[in-house]
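Engineer: Here is what each chain is made of, one letter per residue.
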Amino acid sequence: MCQECGCGIGGEVKIGGRPASAAHSHSTHHGDGHSHEHGGGGAPHSHAHDDATAFPPGRQTVAVQRGLLEKNERLAERNRGFFRAKKLLVLNVLSSPGSGKTTLIQKTAAILASRLRVGVIVGDLATDNDAARLREAGIPVVQVTTGTVCHLEAEMIAKAAERLDLDALDVLIIENVGNLVCPAAYDLGEDLRIVLLSTTEGEDKPLKYPPMFHSADVAVVTKSDLAAAAGFDRAQALAALHRIAHHARIFELSARTGDGMPAWIEYLEQQRASAKR
Amino acid sequence: MHEVSLMENAVRMAVETARASGGERVHRIRLRVGAMSGVVPDALRFACDMVCQGTPADGAELEIEEVPATCWCAHCAVEFATPDFLGQCPHCHAVSGELRRGTEMELASIEFS
Ligand SMILES: Nc1nc2c(ncn2[C@@H]2O[C@H](COP(=O)(O)OP(=O)(O)O)[C@@H](O)[C@H]2O)c(=O)[nH]1
Ligand SMILES: [Mg+2]
Ligand SMILES: [Zn+2]
Ligand SMILES: [Zn+2]
Chain A
2 MCQECGCGIG
12 GEVKIGGRPA
22 SAAHSHSTHH
32 GDGHSHEHGG
42 GGAPHSHAHD
52 DATAFPPGRQ
62 TVAVQRGLLE
72 KNERLAERNR
82 GFFRAKKLLV
92 LNVLSSPGSG
102 KTTLIQKTAA
112 ILASRLRVGV
122 IVGDLATDND
132 AARLREAGIP
142 VVQVTTGTVC
152 HLEAEMIAKA
162 AERLDLDALD
172 VLIIENVGNL
182 VCPAAYDLGE
192 DLRIVLLSTT
202 EGEDKPLKYP
212 PMFHSADVAV
222 VTKSDLAAAA
232 GFDRAQALAA
242 LHRIAHHARI
252 FELSARTGDG
262 MPAWIEYLEQ
272 QRASAKR
Chain B
-9 MHEVSLMENA
1 VRMAVETARA
11 SGGERVHRIR
21 LRVGAMSGVV
31 PDALRFACDM
41 VCQGTPADGA
51 ELEIEEVPAT
61 CWCAHCAVEF
71 ATPDFLGQCP
81 HCHAVSGELR
91 RGTEMELASI
101 EFS
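These protein sequence lines are chains A and B, in that order.
Here the working numbering is used: position 201 in the first sequence is 202, and no number is missing along the way.
Here the working numbering is used: position 35 in the second sequence is 25, and no number is missing along the way.
The set of hints was computed from the structure by calculation and includes no laboratory data.
Wrong hints could be hidden among the right ones.
[Unchecked claim] Listed next, the stretches of chain A that the computed footprint assigns to chain B, with coverage defined by at least 3 CB atoms under 8 Å from CB atoms of chain B:
no.	segment
1	67 to 81
2	177 to 189
3	208 to 220
4	240 to 254
Ideal Cβ placement from N, Cα and C applies to all residues, glycine included.
Produce the entire structure from the sequences given, and follow the hints as far as they go.
Structural biologist: Below, the structure written as structure tokens:
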């Protein structure tokens, strides 16, 4: 079992089905013990502590001010620069398991197909079912099996992207591992963070997972066709989204019936046009 | 969240910093953790002893500064804490979109010799 998240699934990171020990951040995840100087943050300067009385002799304090995920942040920025140079629009799609990420990605790629070429990177703990579904639909897809890691990291995306012909793509969609907690903290280098909430989940999900919903650029209410059957309180859900994700664009749609899809597609096309500038 | 690996990163940076300043041992690790970061401070505390074991930070004290979620209201030109994360200004009741603090997860400082 993973000591990090207790997910109960053991394994290693695989990209496209092949072990990717180089890709997996055992370094990020479990510490690699190397000690080199880091760029950002500047050289640490030490100074004697002001409050000498509370301080055993010989001890010094030094300000560090470095983010605990700075390595991922650096790699995410590198990804972002690389993707921008390729004029790709990159989406990081996040939600609980089963909210409809794969289905929405498949439908989106199918509708865009006549105008924009879409590629997908799918993160999953253990299976490659989602990648298989997308591949069957004719979409270029790379599977990242994260093993014990319940989120994608920037380094995994860099490795996975090497396996796609990015020059032949306009939009890269990343399906993150189904999890509303830690993926919020890992920038992948995306342009837009898309967080899904399905009508079959609680309306108060945004209030239960504030870091994730706050980080959303776009919130999508999915499975609108099931809203009535599920007794979904639309007003309450939208109020919760507006409060936690004040700045996010909100879409309501059903990937099953296509209801609400045109507004979402039009938005992506606009975003892609500005990514291309 | 991944408190064990976050703690490992913190200890690695702490030891690197101490060594870069000519130190050998880390005695105290001060972290800054925002209420909106998703990090559970108790889980960091729980992980600390285990992660420090066998490193130059063995036995180091962990101090965690918990940073409340704090928003800025442009209308009232004030900062306000928003413990429920809803960002509603207590003065004008408008909802602020601008989170100023609360997402931190960083190594603030260390004490070493
Ligand atoms: N009725 C309905 N079902 C949907 C919709 N979108 C997805 N589903 C179903 O919900 C289940 C989970 O969807 P999936 O796309 O695999 O979710 P993921 O785990 O977030 O990737 C599947 O059985 C889908 O067929 C929708 O818009 N309407
Ligand atoms: Mg899926
Ligand atoms: Zn995780
Ligand atoms: Zn105000």
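Engineer: For each hint, tell me whether it holds in the structure or not.
Structural biologist: Hints versus structure:
Requiring three or more residues with a Cβ within less than 8 Å of a Cβ of chain B, the coverage given for the segment 67 to 81 of chain A holds, as 5 such residues are present. Coverage of the segment 177 to 189 of chain A by chain B holds [criterion: at least 3 residues with CB-CB distance below 8 Å; count 4]. As drawn, the segment 208 to 220 of chain A meets chain B at 5 residues by the rule of a beta-carbon pair under 8 Å; at three or more, the given contact holds. For the segment 240 to 254 of chain A, the assignment as covered by chain B holds, since 5 residues bring a beta-carbon within under 8 Å of that chain's beta-carbons and 3 suffice.
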